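Asker: Basically the working numbering = 1-based index in the sequence shown + 39.
Do not take every clue at face value.
What follows is a set of in silico ranges between Cβ atoms, one per label pair, in the way DEER data are often shown [claimed, not checked]:
1. Thr193 x Asp172: 45 to 55 Å
2. Gly127 x Ser190: 34 to 44 Å
3. Phe211 x Gly171: 13 to 23 Å
Calculated from the structure, these hints are not laboratory results.
Every value quoted in this text rests on a predicted model; they were computed, and no experiment measured them.
Note that CB positions come from ideal geometry on N, CA and C, so glycine has one too.
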Amino acid sequence: MKRLLLIISIFSIVIGGCIKNPFATRNSQQPVGITGTWETPASSGIVMTNLMFAYNERIIQNFQSCLADNFVFSAPEDSIEAEAQGNGYIYYGWNKEVEVSTTENIFSTFSTGGNHLDLILTESPDYPDSIGDTSAVLYRNYTLRIIESDSMSTDTITTEGLATFRLSQTLFNWWSIYFWKDLSWPSSENSWGDFKADYRR
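Based on the provided sequences and hints, a complete structural model is requested.
Answerer: In C-alpha coordinates, the structure reads:
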(Lines of atoms letter the chains of each structure in order from A; the text may use other names.)
(Lines give C-alpha, C1' and ligand atoms only; values in the text may rest on other atoms or scores of the structure.)
Protein backbone atom coordinates (compact mmCIF):
# COMPACT_ATOMS: atom_id res chain seq x y z
CA MET A 40 0.00 0.00 0.00
CA LYS A 41 2.82 2.44 0.90
CA ARG A 42 4.54 1.52 -2.32
CA LEU A 43 1.36 2.25 -4.32
CA LEU A 44 0.96 5.64 -2.59
CA LEU A 45 4.62 6.45 -3.33
CA ILE A 46 4.17 5.59 -7.02
CA ILE A 47 0.97 7.68 -7.22
CA SER A 48 2.72 10.62 -5.50
CA ILE A 49 5.71 10.49 -7.85
CA PHE A 50 3.40 10.18 -10.86
CA SER A 51 1.36 13.19 -9.67
CA ILE A 52 4.49 15.32 -9.21
CA VAL A 53 5.80 14.42 -12.68
CA ILE A 54 2.44 15.13 -14.36
CA GLY A 55 1.94 18.31 -12.31
CA GLY A 56 5.32 19.61 -13.41
CA CYS A 57 4.40 19.16 -17.08
CA ILE A 58 1.03 20.92 -16.92
CA LYS A 59 1.03 24.70 -17.23
CA ASN A 60 -0.79 26.76 -14.66
CA PRO A 61 -4.02 27.85 -16.40
CA PHE A 62 -4.20 30.93 -14.16
CA ALA A 63 -0.67 32.17 -14.83
CA THR A 64 -0.35 35.45 -16.77
CA ARG A 65 1.04 35.26 -20.27
CA ASN A 66 4.22 37.02 -21.28
CA SER A 67 3.48 39.30 -24.22
CA GLN A 68 5.54 38.59 -27.29
CA GLN A 69 6.91 41.15 -29.68
CA PRO A 70 5.05 41.49 -32.98
CA VAL A 71 6.52 39.71 -35.99
CA GLY A 72 9.37 41.77 -37.46
CA ILE A 73 10.21 43.57 -34.21
CA THR A 74 13.90 43.44 -33.31
CA GLY A 75 16.27 45.62 -31.32
CA THR A 76 15.12 47.56 -28.27
CA TRP A 77 11.33 47.48 -28.10
CA GLU A 78 8.75 47.19 -25.34
CA THR A 79 5.02 46.48 -25.56
CA PRO A 80 3.43 49.99 -25.73
CA ALA A 81 1.20 49.56 -22.70
CA SER A 82 1.51 53.28 -21.90
CA SER A 83 2.02 56.49 -23.85
CA GLY A 84 5.46 56.98 -22.29
CA ILE A 85 6.66 53.62 -23.59
CA VAL A 86 5.81 54.74 -27.13
CA MET A 87 8.23 57.64 -26.72
CA THR A 88 10.97 55.27 -25.58
CA ASN A 89 10.25 52.92 -28.49
CA LEU A 90 10.33 55.85 -30.94
CA MET A 91 13.69 57.05 -29.65
CA PHE A 92 15.27 53.59 -29.80
CA ALA A 93 13.79 52.91 -33.25
CA TYR A 94 15.44 56.10 -34.53
CA ASN A 95 18.79 55.48 -32.89
CA GLU A 96 18.88 51.82 -33.95
CA ARG A 97 17.36 52.67 -37.36
CA ILE A 98 14.80 49.85 -37.28
CA ILE A 99 11.85 50.80 -39.49
CA GLN A 100 9.49 48.08 -38.17
CA ASN A 101 9.87 49.39 -34.62
CA PHE A 102 9.34 52.96 -35.81
CA GLN A 103 6.24 52.00 -37.78
CA SER A 104 4.76 50.23 -34.75
CA CYS A 105 4.71 53.60 -32.92
CA LEU A 106 2.31 55.14 -35.45
CA ALA A 107 -1.47 54.84 -35.69
CA ASP A 108 -3.06 54.12 -39.07
CA ASN A 109 -4.59 57.63 -39.14
CA PHE A 110 -1.23 59.30 -38.37
CA VAL A 111 -0.58 62.90 -39.48
CA PHE A 112 2.67 64.92 -39.26
CA SER A 113 2.70 68.72 -39.13
CA ALA A 114 5.56 71.22 -39.16
CA PRO A 115 3.77 74.60 -39.29
CA GLU A 116 6.81 76.89 -39.36
CA ASP A 117 8.67 74.75 -41.89
CA SER A 118 5.63 74.44 -44.17
CA ILE A 119 5.06 78.24 -44.12
CA GLU A 120 8.71 78.79 -45.04
CA ALA A 121 8.46 76.13 -47.76
CA GLU A 122 5.34 77.81 -49.18
CA ALA A 123 7.22 81.12 -49.36
CA GLN A 124 9.99 79.37 -51.30
CA GLY A 125 7.51 77.75 -53.68
CA ASN A 126 7.87 74.17 -52.46
CA GLY A 127 5.23 73.96 -49.75
CA TYR A 128 3.87 70.83 -51.44
CA ILE A 129 6.62 68.85 -49.69
CA TYR A 130 4.53 68.99 -46.49
CA TYR A 131 1.16 68.22 -48.11
CA GLY A 132 -0.67 65.03 -47.15
CA TRP A 133 1.94 63.87 -44.64
CA ASN A 134 0.24 60.70 -43.41
CA LYS A 135 1.55 57.39 -42.08
CA GLU A 136 2.55 56.13 -45.51
CA VAL A 137 4.62 59.26 -46.17
CA GLU A 138 6.15 59.18 -42.68
CA VAL A 139 7.21 55.54 -42.98
CA SER A 140 8.56 56.00 -46.52
CA THR A 141 10.50 59.13 -45.49
CA THR A 142 11.92 57.50 -42.36
CA GLU A 143 12.85 54.39 -44.33
CA ASN A 144 14.84 56.63 -46.68
CA ILE A 145 16.53 58.33 -43.69
CA PHE A 146 17.41 55.02 -42.03
CA SER A 147 18.77 53.63 -45.29
CA THR A 148 20.98 56.69 -45.79
CA PHE A 149 22.27 56.70 -42.22
CA SER A 150 23.00 52.98 -42.07
CA THR A 151 25.96 53.24 -44.41
CA GLY A 152 29.52 54.49 -44.04
CA GLY A 153 30.16 57.00 -41.29
CA ASN A 154 26.63 58.41 -41.34
CA HIS A 155 24.91 58.37 -37.97
CA LEU A 156 21.82 59.63 -36.13
CA ASP A 157 21.61 60.36 -32.42
CA LEU A 158 18.17 61.27 -31.03
CA ILE A 159 17.43 62.37 -27.47
CA LEU A 160 13.84 62.95 -26.28
CA THR A 161 13.20 64.51 -22.86
CA GLU A 162 10.07 65.67 -21.09
CA SER A 163 9.46 69.38 -21.50
CA PRO A 164 9.65 71.36 -18.24
CA ASP A 165 7.55 74.12 -19.85
CA TYR A 166 4.72 71.96 -21.17
CA PRO A 167 3.39 69.26 -18.83
CA ASP A 168 2.00 66.08 -20.37
CA SER A 169 -1.75 65.52 -20.37
CA ILE A 170 -2.57 61.82 -19.99
CA GLY A 171 -6.09 60.41 -19.88
CA ASP A 172 -7.47 56.88 -19.85
CA THR A 173 -7.40 56.40 -23.63
CA SER A 174 -5.69 59.53 -25.01
CA ALA A 175 -2.63 61.59 -24.22
CA VAL A 176 -0.71 64.67 -25.32
CA LEU A 177 3.03 64.41 -24.69
CA TYR A 178 5.53 67.24 -25.12
CA ARG A 179 9.13 66.26 -25.79
CA ASN A 180 12.16 68.46 -26.19
CA TYR A 181 14.30 66.85 -28.85
CA THR A 182 17.91 67.00 -29.87
CA LEU A 183 18.76 65.21 -33.11
CA ARG A 184 22.42 65.05 -34.09
CA ILE A 185 22.95 64.24 -37.76
CA ILE A 186 26.46 63.08 -38.57
CA GLU A 187 27.52 62.69 -42.20
CA SER A 188 31.01 61.42 -42.98
CA ASP A 189 32.97 60.63 -46.09
CA SER A 190 36.66 60.11 -46.78
CA MET A 191 37.26 63.86 -46.87
CA SER A 192 35.29 65.28 -43.93
CA THR A 193 32.67 64.87 -41.22
CA ASP A 194 29.71 67.23 -40.91
CA THR A 195 27.55 67.38 -37.79
CA ILE A 196 24.19 69.14 -37.79
CA THR A 197 22.18 69.49 -34.59
CA THR A 198 18.44 70.11 -34.65
CA GLU A 199 16.60 71.10 -31.49
CA GLY A 200 12.98 71.83 -30.79
CA LEU A 201 9.69 70.76 -29.29
CA ALA A 202 7.69 67.82 -30.60
CA THR A 203 4.04 67.50 -29.61
CA PHE A 204 2.69 63.97 -29.80
CA ARG A 205 -1.00 63.08 -29.57
CA LEU A 206 -1.57 59.42 -28.77
CA SER A 207 -4.52 57.12 -28.33
CA GLN A 208 -5.08 53.64 -27.02
CA THR A 209 -5.87 51.21 -29.83
CA LEU A 210 -6.07 47.48 -30.48
CA PHE A 211 -4.89 45.25 -27.60
CA ASN A 212 -4.82 48.42 -25.42
CA TRP A 213 -1.58 49.46 -27.13
CA TRP A 214 -0.79 53.15 -27.46
CA SER A 215 0.24 54.79 -30.74
CA ILE A 216 0.88 58.27 -32.15
CA TYR A 217 -1.84 59.73 -34.38
CA PHE A 218 -0.54 63.32 -34.56
CA TRP A 219 2.99 64.73 -34.41
CA LYS A 220 3.75 68.46 -34.56
CA ASP A 221 7.30 69.78 -34.81
CA LEU A 222 8.51 73.24 -33.77
CA SER A 223 12.18 74.15 -33.79
CA TRP A 224 13.75 76.35 -31.14
CA PRO A 225 14.51 79.91 -32.29
CA SER A 226 18.17 79.23 -31.50
CA SER A 227 18.25 76.18 -33.80
CA GLU A 228 18.90 76.77 -37.49
CA ASN A 229 17.38 73.41 -38.38
CA SER A 230 14.33 71.45 -37.32
CA TRP A 231 13.52 67.76 -37.29
CA GLY A 232 10.66 68.44 -39.73
CA ASP A 233 12.99 70.27 -42.10
CA PHE A 234 15.43 67.36 -41.94
CA LYS A 235 12.67 64.83 -42.64
CA ALA A 236 11.37 66.87 -45.58
CA ASP A 237 14.77 66.54 -47.30
CA TYR A 238 14.24 62.77 -47.41
CA ARG A 239 10.60 62.66 -48.46
CA ARG A 240 10.22 60.47 -51.53
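Asker: Take the hints in turn and mark each one as holding or not.
Answerer: Going down the list of hints, with the structure as the test:
no. : hint                        : verdict
1   : Thr193 x Asp172: 45 to 55 Å : 47 Å, holds
2   : Gly127 x Ser190: 34 to 44 Å : 37 Å, holds
3   : Phe211 x Gly171: 13 to 23 Å : 18 Å, holds
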